[in-house]
Structures are given as structure tokens and as C-alpha cells.
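> Protein chains in written order, with the working numbering: chain A, 100 to 210; chain B, 42 to 160.
Treat the hints with caution; some may be incorrect.
[To be verified] Taking beta-carbon pairs under 7 angstroms as the criterion, some of the chain A residues facing chain B (in silico):
{"id": "1", "residue": "GLY142"}
{"id": "2", "residue": "LEU143"}
{"id": "3", "residue": "LEU145"}
{"id": "4", "residue": "ASP154"}
{"id": "5", "residue": "PHE200"}
{"id": "6", "residue": "GLY203"}
{"id": "7", "residue": "LYS205"}
{"id": "8", "residue": "SER207"}
[To be verified] Examples of chain A residues toward chain B, derived with CB under 7 angstroms:
{"id": "9", "residue": "GLU114"}
{"id": "10", "residue": "LYS167"}
{"id": "11", "residue": "GLN197"}
Bear in mind the hints are in silico, worked out from the structure with no lab data behind them.
A virtual CB, placed ideally from N, CA and C, is assigned to each residue, including glycine.
What follows is each chain in one-letter form.
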Amino acid sequence: GDSVTQMEGPVTLSEEAFLTINCTYTATGYPSLFWYVQYPGEGLQLLLKATKADDKGSNKGFEATYRKETTSFHLEKGSVQVSDSAVYFCASGAGSYQLTFGKGTKLSVIP
Amino acid sequence: GAGVSQSPSNKVTEKGKDVELRCDPISGHTALYWYRQSLGQGLEFLIYFQGNSAPDKSGLPSDRFSAERTGGSVSTLTIQRTQQEDSAVYLCASSLELYGGGYSNQPQHFGDGTRLSIL
């Protein structure tokens, strides 16, 4: 079956540091890929998405590129802020209704 | 506009009691999803509705769990004879109509969840 693997957390960074959260997927066909973010006490919010190979999703300074050859969708941000502290979930959707989520990576940014 | 609304936001109940969780999706969203988020476990898919019908109930963990949706809008997730392992955050999401036969998924929009604690 489909699966999503993302790097284990927690990740602790200083403000303005570079962020990478790795995500790889296995799926039949060509799934759409998503990053969701969950701030403390809130539900998940869509952060960005990409629907085909080589697409780059971007939002709020975050970017992720759909790499078919490496089946990856790594999340990056050049300079993190304290307000970016949250749990980040990578997800894939392969043409059906069901999204497959990774287990989440908790990010803490310290001033 | 209004997002996905879930109620209650918190529910504490005794083992063996029944609970009902409610989800009010974004207006116009025909697809509705229930997930369970347990500590350290990520998101577990429970059930999905397209309109009022649930094509796939395979994610429901046991026959104590059931869900319905009426009028293509509000959905309720019912857990009967609750057990301590049912303690989790139950998330609801909704999305627009899916493209038939395609490989793209519409993004899912999530509510803030119901935190269920079984004593």
C-alpha cells in the first residue's frame, strides 16, 4: 500500500536557521503531494502542494519540489522564525479520496 | 468564509459510555473525512463520505465506531461503549468534489478537532 516516511523529530533550530524536513513516498501512479502544518491546539492547515513531477509548491517562505526520480518531497525554508514552531505532516494522495500521512515532525524554533 | 467546525472541542467521559462527535464541513464541500490522531501515531484514516454515502468504512477500528452524514452536510461520528484506547484527537476534514478518474486530490481542509479523553 501507499506510505509516507518523514524524518523523525523533534527538530530544534535557532531563529533564522535553514530548515529541511525530509519526506519520501511510495505510491502507485503519480500522487499529489502535500505538506500540512499543525500549530499547537489547532487542526491541520494546508501549507503547500504539488500535483506533478518537478512542480514546486511554495507558501509563507516554505518550498517543496516534487521529485519523481527520488520519490521525495522535502520541505525547506531559508530562515525560520519562532512562529514556525509547529508539527509538519507530509501527505500523498494517489487519485482516490484517501490521503496517506507521515507521522509528523515537530519543529521548535528558539530565539 | 467559515471553516470546518467540530464540536465539542473537548470531551471527557467514563469508560463504557457512548459519545457523539459532530463535524460541520465547509459549505459546498461534498467530501468529508474523519481521522484519528493519537499521541505519537500520526493521522489514522477512519471513514470518508461522498455526499451522504460512505464508500469506504474500512478504517473504522471496530464495530463500536459508526458515522453518518445527513443532507450532504453535517456528520456525526459515534463511539459506543468507549474504551481507554479510544482516547485521541478526532479530526474532521472536507474537500470539494473529486475529479473523476484523475490522479489529483483536492486539498482537505481540517477542523480543530475534538479531544476525547476516556477515564
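> Determine for every hint whether it applies to the structure shown.
Taking the hints in turn, this is what the structure says about them:
Look at GLY142(A): its Cβ gets to within about 4 angstroms of chain B, closer than 7 angstroms, so that hint holds up. With a least beta-carbon distance of about 4 angstroms to chain B, the hint placing LEU143(A) at the interface is held under the 7 angstroms criterion. With its C-beta approaching chain B no nearer than about 5 angstroms, LEU145(A) sits inside the 7 angstroms limit, and its interface hint holds. Interface restraint check: ASP154(A) against chain B, minimum CB-CB distance 11 angstroms, threshold 7 angstroms, status violated.
At its closest, the beta carbon of PHE200(A) sits 4 angstroms from a beta carbon of chain B; the interface hint therefore holds under the 7 angstroms criterion. This hint holds: GLY203(A) has a C-beta 6 angstroms from the nearest C-beta of chain B, less than the 7 angstroms allowed. Interface hint status for LYS205(A): violated, as the beta-carbon distance to the closest one in chain B is roughly 10 angstroms, over 7 angstroms. Hint status for SER207(A): violated, given a least beta-carbon distance of 16 angstroms to chain B, over 7 angstroms.
Restraint check, GLU114(A) versus chain B: the minimum CB separation of about 27 angstroms is more than 7 angstroms; hint violated. About 13 angstroms separates the beta-carbon of LYS167(A) from the nearest beta-carbon of chain B, more than 7 angstroms, and the hint is not met. Below 7 angstroms, beta-carbon pairs count as interface contacts, and GLN197(A) has one with chain B at about 6 angstroms; its hint therefore holds.
Checked against the numbered hints above, the structure violates hints 4, 7, 8, 9 and 10; every other hint is satisfied.
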